[in-house]
Amino acid sequence: MSDIAVTHVPHKRNIPFAQEAAGALVILALGAIGWFLYPDDLAFLTRLIGIAFLVLSLDLVTGYCGVATLGHAAQFGVGAYAAGIACIRGVSDPVALLAVGLCAGTVMGLISGALITRFRGLPQLVLSIAVGQLIAGLANKLSWLTGGSDGLSGIEPGKVFGVFGFDMYSRTAFVFSLGVLVITFVVLQRFVRSPFGLMCRGIKDDDLRAKMIGVSIYPRLVVMYGVAGAVAGIGGALTAISTGVVGLDSVSFERSAEVLVMLVLGGAGHLWGALAGTVIFMIFEHIVAAANPFHWMTLVGLLLILIVVFAPRGLIEPVVLLWAKFKRKGSAV
Amino acid sequence: MSDLLEARSVSRSFGGLHVTRDVNFKLTTGDRVALIGPNGAGKTTLVNLITGDIAPSEGQFFMGGDEITGLSIPDRVRRGLVRTFQTTRLFANLTVADNIALAIMQRKRITRRFFSSSTELPEVRAEWSEILSHLGLDRLAYRKVVELAYGQQRLIELAIGLALHPKVLLLDEPAAGVPHDEAPRILEAINRLPSDIAVLMIEHDMDLVFKFAKRVLVLAAGRLIFEGSPDQVTADHEVRRAYLGSYADARRPT
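Taken in order, these protein sequences are the chains called A and B. If you count the first sequence from 1, position 56 lands on 56 in the working numbering, and the numbers rise without skipping. If you count the second sequence from 1, position 33 lands on 33 in the working numbering, and the numbers rise without skipping.
For the record, the hints were derived by calculation from the structure and aren't laboratory data. All figures in this text were calculated on a predicted structure; none of them were measured in a lab. For glycine and all other residues, C-beta sits at the position ideal for the given N, C-alpha and C. Be aware that one or more of the hints could be misleading.
Unchecked claim - Simulated crosslink set (BS3-like; lysine-lysine; CA at most 27 Å straight-line): (1) B/Lys26 <-> A/Lys327; (2) B/Lys108 <-> B/Lys144; (3) B/Lys144 <-> B/Lys214; (4) B/Lys211 <-> B/Lys26; (5) B/Lys26 <-> B/Lys144; (6) B/Lys144 <-> A/Lys325; (7) B/Lys144 <-> A/Lys211; (8) B/Lys26 <-> A/Lys211; (9) B/Lys214 <-> B/Lys108; (10) A/Lys211 <-> B/Lys108; (11) A/Lys211 <-> B/Lys214.
As the list claims (entries may be wrong) - Computed beta-carbon distance windows for the label pairs: (12) B/Gly64 <-> A/Arg120: 16 to 26 Å; (13) B/Asp66 <-> A/Phe161: 57 to 67 Å; (14) A/Ala290 <-> B/Ala126: 49 to 59 Å; (15) A/Glu156 <-> B/Asp53: 54 to 64 Å; (16) B/Ala149 <-> A/Gln19: 22 to 32 Å.
In isolation and in its complexed conformation, chain A is listed as follows:
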């Protein structure tokens, strides 16, 4: 304790990249559990991972910036359609298709962000719905490009790195998706703790205060929307690659609303919250919908009410509090 003579404030215990490594390991471990325990459900788990990208993306704008949106599927859908169309027109390399989805999602994110973040509160929410519906309408009408209500089918991507072909058990798709998720998650962990990410959280807390320290808010939110669009676009492209079809459901209002529910369930403002919400909601839906196809939505509603009443900040919040307590105790000793 001799090095604190100048600063007085003790340094946080900081092992570089510890958080990132932990994040990667946890996701890989969860993936391994899925792989070994549910080998017949890999197609479902792959879809889950695709949706996880969309929820993470939504978390960036809603959880970290406080932007209310019910049209976030637009970014996901545009990524999915772009990757699907590119594949049908002859781009078969999966990594290239991901890049296509990423770029399309980014562009869509920047456009939506430029529109939606101009406003606050209810106008913002309504505008987000309008943007989502516009994209859904376009996907339906431009049937020469998107296949209209039949959707795009016949998406047959080539082998990953020229080695691993996609199989009917979704093994390749699952591992490929999981790998992309790990990379994205680690990058996002860095991103949300960066000065840029921290400033976004500040803007969410009090935008007038942010202005009063000299921040121009609008451009930042648009950039954040672009990043979120990139993440959603990757998810869309992954889903297109792994399922081989892209339908109108990928841009639907229901999709937008569902991912918002997942985010609230898990806890907005935490990357882990987004992930937890996706996993719990999707698995719950998968099991309950199979057991009772008519009433499963009722049960989802019930689950959500319970969580909002007993853990209003999402399931991740108690975990975070516990962790903070644990760490404080550790440093006090």
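Knowing the structure of chain A, use the given hints to seat chain B on it.
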């Protein structure tokens, strides 16, 4: 002595209500000015006009000779015009360190960085920990702002102002709501402000005003009715009538 901030015949009305009328004043290097006036005199409106939160109906503001009337709030902050709020406005869910680090990083133009871990950047860290230990808040660095007592939050409001390295600092009732025994700490922090910046303080607590100000502006019904040293203010008949009331009588040497 250069003019850091100048208001030239600034007026503002809301509908038919004239909240600010033909206000003129100058702040120069090293100025320590108190702005006083009865409730509803338009003090906070004047601060909002200066920062660009609301636009004047007439008149202009200048900083160092350049007109700033049309500039946005962030642009004015970047020129060194910084305020604190009457009711604390902080990033409540962030830690104390993050609150101040954001101000520092914004000043240093590094909040566009996407991938370095933020608060612990060495050059930023050195600065916020120094500000915090100056204010006696070093032990609270990693606490969330919402968890702190109000008096401590007022000090953080001040700390953010300091971190922005202002040329002109507007303090909107810095001691409002602070428990009486903690008020000296606020004054101490204000007195330690760099001597070359201009400070304009709105304050009701006359003790604080007399300890701080070298010059006092009195605002009543949107008009500046008096400007002078603290002693002249208490001696002035009109000011006493408009605002000070019995307080001035109490201070008169007997």
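Hints versus structure:
no. : hint                              : verdict
1   : B/Lys26 <-> A/Lys327              : 52 Å, violated
2   : B/Lys108 <-> B/Lys144             : 24 Å, holds
3   : B/Lys144 <-> B/Lys214             : 37 Å, violated
4   : B/Lys211 <-> B/Lys26              : 21 Å, holds
5   : B/Lys26 <-> B/Lys144              : 38 Å, violated
6   : B/Lys144 <-> A/Lys325             : 13 Å, holds
7   : B/Lys144 <-> A/Lys211             : 21 Å, holds
8   : B/Lys26 <-> A/Lys211              : 24 Å, holds
9   : B/Lys214 <-> B/Lys108             : 32 Å, violated
10  : A/Lys211 <-> B/Lys108             : 15 Å, holds
11  : A/Lys211 <-> B/Lys214             : 30 Å, violated
12  : B/Gly64 <-> A/Arg120: 16 to 26 Å  : 34 Å, violated
13  : B/Asp66 <-> A/Phe161: 57 to 67 Å  : 58 Å, holds
14  : A/Ala290 <-> B/Ala126: 49 to 59 Å : 58 Å, holds
15  : A/Glu156 <-> B/Asp53: 54 to 64 Å  : 58 Å, holds
16  : B/Ala149 <-> A/Gln19: 22 to 32 Å  : 31 Å, holds
Consistency with the previously given hints fails for numbers 1, 3, 5, 9, 11 and 12, ordered from lowest to highest.
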